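K.L.:
Residue numbers (this note's numbering), protein chains in the order written: chain A, 1 to 119; chain B, 120 to 320.
Quick caveat, the hints were computed from the structure, so don't treat them as lab data.
Quick caveat, the model's predicted, so the values are computed rather than measured.
It cannot be assumed that every hint is accurate.
SDA-like, lysine to any residue: derived pairs with alpha carbons at most 20 Å apart [stated by the list, open to error]:
| hint | chain 1 | residue 1 | chain 2 | residue 2 |
| --- | --- | --- | --- | --- |
| 1 | B | K207 | A | V17 |
| 2 | B | K297 | B | Q308 |
| 3 | B | K195 | A | P22 |
| 4 | A | K43 | B | V126 |
| 5 | B | K195 | A | W23 |
| 6 | B | K310 | A | T105 |
| 7 | A | K98 | B | E158 |
| 8 | B | K310 | A | R8 |
| 9 | B | K310 | A | G118 |
| 10 | A | K87 | B | D150 |
| 11 | A | K112 | B | F142 |
| 12 | A | K112 | B | K155 |
| 13 | B | K310 | A | S106 |
| 14 | B | K195 | A | G118 |
| 15 | B | K195 | A | A16 |
| 16 | A | K98 | B | R184 |
| 17 | B | K195 | A | R9 |
| 18 | A | K99 | B | S173 |
| 19 | B | K195 | A | R116 |
| 20 | B | K297 | A | R18 |
| 21 | A | K117 | B | Y147 |
Now the stretches of chain A that chain B is said to cover, found in silico as 3 or more residues with beta-carbon under 8 Å [to be verified]:
| hint | segment |
| --- | --- |
| 22 | 6 to 15 |
| 23 | 18 to 27 |
| 24 | 56 to 65 |
| 25 | 68 to 80 |
| 26 | 89 to 103 |
Where a beta carbon is used, it is the ideal one built from N, C-alpha and C, also for glycine.
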Amino acid sequence: MELLLRFRRLDIVADAVRLLIPWGSAVAIVGLLAFMVSRLAGKMTLAQIGMSFFGDIRVSQAVAYMFGILGGGYGLLERRLRHRKTKNMAGHMAELEKKIDPGRTSSGLDPKGTTRKGE
Amino acid sequence: MNQIGIVMNVGFGLILLWLLWNFGWRPYLEDNIRQKLFELRNELFLYAADGEISFSDPAYMFLRRRIEALIRFAHKINAIRLLILEAKQSATPLAEIERENQKWQSSLDDISEAAREKLTGIHSRAHVLVASHIVRGSVLLLLVSLVALPFVAIYSYLASHSRSENELKVARTMRAEKIEEQAVVDQMQEKATEAEPVVVC
Chain A
1 MELLLRFRRL DIVADAVRLL IPWGSAVAIV GLLAFMVSRL AGKMTLAQIG
51 MSFFGDIRVS QAVAYMFGIL GGGYGLLERR LRHRKTKNMA GHMAELEKKI
101 DPGRTSSGLD PKGTTRKGE
Chain B
120 MNQIGIVMNV GFGLILLWLL WNFGWRPYLE DNIRQKLFEL RNELFLYAAD
170 GEISFSDPAY MFLRRRIEAL IRFAHKINAI RLLILEAKQS ATPLAEIERE
220 NQKWQSSLDD ISEAAREKLT GIHSRAHVLV ASHIVRGSVL LLLVSLVALP
270 FVAIYSYLAS HSRSENELKV ARTMRAEKIE EQAVVDQMQE KATEAEPVVV
320 C
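This is chain A alone, in the form it adopts within the complex (with noise of 0.2 Å):
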């Protein structure tokens, strides 16, 4: 109990920091943004912001944002597609292997393969 305990704190001490690298580097971003357009203030409207960086996106440009926007969600179509293959396929080899080991134990995932909801 002792043992579960310990592991636990540190459980919550490196999710804490786990969460807090990648947020705070979010923050950090949008942060340094907002600075920048906040010492324009005055100078430029938000109108002028916008047009500024719409206005100066090149043709080369705009196709890397797409070819990178799009293939991203490629990716992310191409990993959902692979979770539903595993949700039809992992049923079936688990009953085919507890055939073989009645004892079969699970690795205690949802049927996707992914980590259960709420971890």
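Mind docking chain B on chain A? Use the hints.
P.N.:
Below, chain B without anything else, positioned relative to chain A:
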């Protein structure tokens, strides 16, 4: 391009990179290590199915449970956790963990030489997977390893070390088994708190 345009472009690019890292690369790594661990578990299962070791042998059951613990808790494997575990456990080593490891060692003594080699090989490969996952999941470690890669390749060539030997050395140096120990404790905790888990894989 004017100054504000540059700032906005860099900011937009950073946001895209952030999204890619957190919602693309990291979930991919998680799926990747799980898939590879499932492959190791299958290899172990087939080894037993071929009659090389019994499904009820303590060594088989122990290793299978350990691989499953890593699969289950792959989402928690990262460099920060390893650092915290290392710092905490170096200060106060856990007797329970030591006992578990001794059980594993004694279960290995009761099986044939060939089976022992096979099982320890699978176990070591699981550690290599954990170490590789930790490196690839950290920007800093990833950059360091990319810089170090050519030097390691030259050293390996000169010292006639195989790739798997080097990987195992790195995994041992990183003490990847610490992560496995926490996964096992989490597994124990889950068993203690949950009566009926919904599981398929």
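K.L.:
None of the hints should be skipped; say for each whether it holds.
P.N.:
Verification of the supplied hints:
At most 20 Å may separate the alpha-carbon atoms for a hinted pair to count; B/K207 and A/V17 meet this at roughly 15 Å. As the CA atoms of B/K297 and B/Q308 are separated by approximately 17 Å, the hinted pair is consistent with the 20 Å bound. Proximity of B/K195 to A/P22 is assessed by CA-CA distance (about 14 Å); at most 20 Å being required, the pair is judged to hold. Note on A/K43 and B/V126: the hinted pairing holds, with a Cα-Cα distance of about 15 Å set against a maximum of 20 Å.
In summary, the hint linking B/K195 to A/W23 is supported, as the alpha carbons are separated by about 17 Å, within the 20 Å threshold. Distance hint between B/K310 and A/T105 is fulfilled; the C-alpha atoms sit about 13 Å from each other, no more than 20 Å. Straight-line distance between C-alpha atoms of A/K98 and B/E158 comes to about 17 Å, which keeps the hinted pair within the 20 Å bound. Distance hint between B/K310 and A/R8 is fulfilled; the C-alpha atoms sit about 14 Å from each other, no more than 20 Å.
With a CA separation close to 17 Å, the supplied pair B/K310 and A/G118 stays within the 20 Å bound. In summary, the hint linking A/K87 to B/D150 is supported, as the alpha carbons are separated by about 14 Å, within the 20 Å threshold. Between A/K112 and B/F142, the direct Cα distance comes to roughly 18 Å. Compliance with the 20 Å bound is thereby established for this hinted pair. Note on A/K112 and B/K155: the hinted pairing holds, with a Cα-Cα distance of about 16 Å set against a maximum of 20 Å.
Of the pairs offered as hints, the one joining B/K310 and A/S106 holds, with about 12 Å between alpha carbons and a cut-off of 20 Å not exceeded. With a C-alpha separation of about 13 Å, the suggested pair B/K195 and A/G118 falls inside the 20 Å cut-off, and the hint holds. Taken as a hint, the B/K195 and A/A16 pair is honoured in the structure, with Cα atoms around 11 Å apart against an allowance of 20 Å. A threshold of 20 Å between alpha carbons decides the hint, and for A/K98 with B/R184 the separation of about 16 Å falls inside it, so the pair holds.
Among the hinted pairs, B/K195 with A/R9 is consistent with the structure: their alpha-carbon atoms are about 14 Å apart, no more than 20 Å. Pair hint A/K99 plus B/S173 holds up; C-alpha atoms about 15 Å apart against a cutoff of 20 Å. In summary, the hint linking B/K195 to A/R116 is supported, as the alpha carbons are separated by about 13 Å, within the 20 Å threshold. For a cut-off of 20 Å, the pair hint linking B/K297 to A/R18 stands: about 17 Å separates their Cα positions.
For a cut-off of 20 Å, the pair hint linking A/K117 to B/Y147 stands: about 18 Å separates their Cα positions. Counting residues of the segment 6 to 15 of chain A whose CB lies closer than 8 Å to any CB of chain B gives 8, which reaches the minimum of 3, so the coverage claim holds. For the segment 18 to 27 of chain A, the assignment as covered by chain B holds, since 5 residues bring a beta-carbon within under 8 Å of that chain's beta-carbons and 3 suffice. For the segment 56 to 65 of chain A, the assignment as covered by chain B holds, since 4 residues bring a beta-carbon within under 8 Å of that chain's beta-carbons and 3 suffice.
As drawn, the segment 68 to 80 of chain A meets chain B at 6 residues by the rule of a beta-carbon pair under 8 Å; at three or more, the given contact holds. Proximity of the segment 89 to 103 of chain A to chain B, defined as three or more residues with a beta carbon under 8 Å from a beta carbon of that chain, is established by the 7 residues found.
Going through the hint list in order, the structure satisfies each hint without exception.
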